[in-house]
Amino acid sequence: MTPAAVLVAALAASSGSSQDTNSTDVRLAPRWPDGTLSFTGPPGEIGNWDGRPGSTLGANVFEDALDVSEFNLPTNLRIDEIPFKPWARALYDYRQATFTKDDPHTRCKPSGGARMFHTPYGFEILELPDTAEIIFLSVGAPHSWRVVHMDGRAHPANAEPTWFGHSVGHWEGDTLVIDTVGFNEGFWISREGLPHTSQLHTIERLSRPDFDTLRYEITIDDPGAYTETWSGGWLIPWIPGNEPFDYLCQENNLDAARMVGPRE
Amino acid sequence: MFCKGIAWAVGFGGLAVIASPALAHHSFRSQYDADQPVTLTGYVTKIDWMNPHVYFYIDVVDAETGEADNWGFEMGPPHMLERRGWKRNSMQIGDELEVHGTRARDGSFTANARRVMLKATGQVLGAASSESQTITTGEPAR
Amino acid sequence: MSGSARELVLGLLIGCACIVAACSDTPRPAPRYPDGLLRFDSPPGEKGYWGRASVSSLFERGVVVGMSEQGLLDNIEDAARVAPFQPWALALYEYRQSNGLKDDPVRFCLSPAGPRHLHAPGGFRIIQERNYDRVYILFGGGNRNWRLIHMDGREPPNPEEVSGTYYGHSTGAWEDDTLVVESSGFNARFWFSNGGLPHTEALRLTERFSRPDFATLRYEVTVDDPLTYTRPWTAEWTVDWVEGGEIKEQFCEQTG
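Chains as they are written, first to last, in this note's numbering: chain P, 13 to 276; chain X, 5 to 146; chain Z, 33 to 288.
Derived from the structure by calculation, the hints contain no laboratory data.
Glycine included, each C-beta is placed from N, C-alpha and C at the ideal position.
There may be inaccurate statements among the hints.
To be verified - Calculated from the model, a selection of chain P residues having no Cβ within reach of chain X, i.e. all distances over 10 Å:
hint	residue
1	D115
2	H161
3	D258
4	E263
5	D267
6	V272
Stated by the list, open to error - Some, not all, of what chain X presents toward chain Z, calculated at C-beta under 7 Å:
hint	residue
7	K50
8	W53
9	D66
10	R88
11	G89
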């Protein structure tokens, strides 16, 4: 059997049989022949990941209750606990008060950081061991691709700032750890409008506690905007049968002009 | 695990059209006011079946004055609508529609559609509306 | 001949043989998967991407016309020779050419989709995803978009029922070492070539990708749009492999 066929068969075997559930019948994540966790599905089981609305890095308070989705990590901080610098907190409050009307994502700008992981319409993960990469494909805006280098390289010394930054990854057990630097400041790191500067350094941790769940957590290390590092994240469901589709934000984008925020 | 907690029914008929939580690339709240629901009936004048949102426009005639206001409605992207039973030719210029939605904040004759009834057939289709996303509260954090 | 002299001669002979081999015309063969399938991306342990095309626009095979990197004809009188245009299409093409391509939708960051991505700058990679029977093409140009080719034998949707897209609906299959891709279901809101050759939603493309040697992608596309052209026609070009290179992140959308 060729290596490619072994891979395919292994992915099928690891998640297709009734033996591959734990004691509570939760289906286990599939694995490559070498035991590495896979974020994809077995042959014939099309699907992808689609972050849910309400997924946020920090929990706001609304009508005396935490505005928190069932998907957010229980370790997420309340907004008052996030170690903002004063200017960053003020900017976050402004963005919230104006209902995120200035969001560059809505103006078809690419977004690095956590944004892809709660942008609608899902994302695909391409695992490419031959070229030592993992590539994330976003279906929604900007319908683009982000590379994580898995070949042990270091970050370049003076990376030109980009939307997605320069990402290097490695495995810690069953957790994919992605370290990224070199961001520009043209985007918001998450939908709720958390600020950042070009000093942003993120550490993302992706794991798959069961077949249907991707656990996403990001550590924000940005001394320009925050006084300490802090973390937040959410759970992302596997959507069986979901396939990517053609989507271009620039096609007929009327939203930006209409995002007026609250009126006095 | 997640599928248990989410209504994944895809409806393309009947009055109770509950689609999977439809999402948008932008904040619904920044454009539309949940305190201003609208239900309007009119005839289709234009259809933009494009990303990121489908827009359609109807002439809503004031019964007393006989004058028409042209209202624009936003729905989800074409692919999400097509998954909910729409075809690109489901709606035609001149069709009479009854539309339930949420009015725009900017005071224009614009709304976000939640569901659309094609009056000729009675078919009701969900609009893959962005209304269900709850990212921002609009309140300063406490 | 003494031992040291023999070694010297032997060394020289080996050295000459190496030089001859390096200077020979025998190109490195295209990489393959262990099961023999042609591989369009890098072999294990290497990097690279498809970079510069041998053409800067679409024009019918056998036609020789001068044009710029952007597909602007050196001589507008050559317009009618570029492809077998319907009269309206020729008029539109000449109009676009005459006004310096100012209406090009890429100025609004709409994708240089269709065959255009394969002769426009930015480079691309062809990723064969064998778990789901898909081929992805990842583009460095335009807005760093990507396109999906289904390899599972599915039928395309009825274009009357679904909206046309920029990348169309693509299905592919292998004919020996050639990946043959059929696409339909395009919209007409983009220019599918540098230089503004027109098309309509009736457009169907048949693309043939092959890799005659490691460093060369051969691309052939048959354009079948009876509303725009009087008959199907074919263009072809090659694209060079950039060994060791990586596509730079760039977006049509600018900062701020």
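Hints, verified against the model:
no. : hint : in the structure
1   : D115 : violated, 6 Å
2   : H161 : holds, 28 Å
3   : D258 : violated, 7 Å
4   : E263 : violated, 4 Å
5   : D267 : violated, 5 Å
6   : V272 : violated, 5 Å
7   : K50  : violated, 16 Å
8   : W53  : holds, 5 Å
9   : D66  : violated, 33 Å
10  : R88  : violated, 13 Å
11  : G89  : violated, 11 Å
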